[in-house]
Amino acid sequence: MLNKLKIGDFIIIAAVLIIGFLPVLRNGNGQTQSFSIIMDGNESTTIPANIDTIVTVNGRLGPIVIEIKNGSAYVKSSSCSGKICVKTGAITKPGQAIACVPNRLLIIAEGKRKQDKIDAILE
Amino acid sequence: MPYSNKKIAHFSILLAAALAIWIFEEFLPRPMPWLKPGFSYIAVLLAMRRFGIGAGALLALLRVTLGALLLGKIFSPAFILSICGTTTAVATMAIMFLFYEKAFSLVGISVAGAFCHIFAQILTAGALFYRIDAILWLLPVSALWTVFAGAIVGLIAKRLSIIKIFRHDMHKIACN
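Chains as they are written, first to last, in the numbering used here: chain A, 1 to 123; chain B, 1001 to 1176.
So here's chain B without its partners, still in its complex pose (with noise of 0.2 Å):
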């Protein structure tokens, strides 16, 4: 797939906003220390949505790397932890991308990999302490959250792909 200027300053733009957002909501306050509300995720599944599923899975990884970078934080049990949510969340919305429009909205998506990446970064805690069913009555809440932050950003991302430069259709790009 040939890649054009405009699309190329389409994704940095995207990545640009992901990498601000992810970097602001460090210093906002959450309801509970490891909850976040994931609004870098809404350039995720629009890039997803513009440029297809391995642009966005691209964007998603190169977000928490450039994040980590810029933060001071590579390497770091919490960017081993978010590398390892992040992975999860995007494979399954890449699987969940197949069936865009025909099953799923961008709601479902969002919601779906917002609870992969919570559940991928419990468990991987877990791992870290090999007492995994120590760590799963954080599941609850986060389950509760991931619901309602998931849902928001699903709304914002699909009343923005329908802006003029969001809304070229995935599979036109696909086909090219």
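Chain A with its partners taken away, still in its complex shape (with noise of 0.2 Å):
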């Protein structure tokens, strides 16, 4: 059956593995520096990494408990009934996210961000 398979099928393939991997080039390895929290897009909190606590923020559904320990974030419980933020566990690596779509929340791990270097100056 696999020997019926035609070129663009493999073409398709790496095609998606490809493109499907291209967003790890962009991702840096080290350490995450802290922790945003953004809610309907704009409203944005930063937690340092470095700090255990927990953060209770309201959603469009109701009350979403955060937790940060250990330099790893997760959503311990939520208002949305599909429960895929709680379900996504912890992120620890920068750009990392955790998306609570019904809440309309984004939690992202930032790291140090190869734009924060000066390239040049100017006079």
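Hint data in this document are derived by calculation from the structure and do not stem from the laboratory.
Note that the coordinates shown come from a computational prediction; the quantities given were computed from them, not determined experimentally.
A couple of the hints might just be wrong.
One side of the interface only, derived from the structure: several residues of chain A facing chain B at Cβ under 7 Å [claimed, not checked]: (1) L5; (2) K6; (3) V16; (4) F21; (5) P23; (6) V24; (7) T56; (8) R60; (9) I84; (10) G95; (11) V101.
Glycine included, each C-beta is placed from N, C-alpha and C at the ideal position.
Assembly of the complex is requested from the two constituent chains, each provided in isolation within its own frame, with the hints serving as guidance.
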């Protein structure tokens, strides 16, 4: 059955893998410096990763409890129905994120960005 | 194109099968919360092959809408994500079906459809939060999953398309 595959099939599989792994090149390694909590795409709170804390934020549907522990963040409980944010588990590496679509909540692990370096000074 | 009773009956059976599989999948354990095997696309592929591209697209969109109605999820964020994913996947599969048997088999079409489905969902979720860059880290594991699940779906569809009632050539029907 496998020998009836067409050349296009292999091109598609290769293209999918290449496109899929492009974001890996972009993400820097290193330590997570802080976690940004974004509500509705604008209100943002930043919490340093080295502080262990529990934060409760109010989403569209109700409260969401986020715990930051040992440099990782996870959603402890949420008011949404799907609970995808809870099932996502803990995020540790820079660039990772937890999303809760019904509550319009986004938690992003921020690392040191390359943009922080000064490229040139113009006078 | 006139629709015979037989054709309508076959189409309905495929739609019912797609819905049953789709609802059953909701309750299966998943590797990641947003990754499903997508076995209902077997029915979409068979409908595209048996009844033409338009019928397959109709089946996919009916599957999402009726499935959301049955599970009480219509117009929820999950429904918006799945309709965006399905529309993109069906559009890609429809274009690729023009080159069916020439350049692509059902496996390639299925993998491309699966990837476009998840890619569109990721972009839509990113657009809802206005931070697409934060969601893109989901892409590598999703790409691996779509190659795996898409290939299995494609192989099953390919195997089923040999069965008599699915065997009719798309071209003959399209020429009616």
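What are the numbers of the hints that this structure violates, sorted from low to high? 7 and 8
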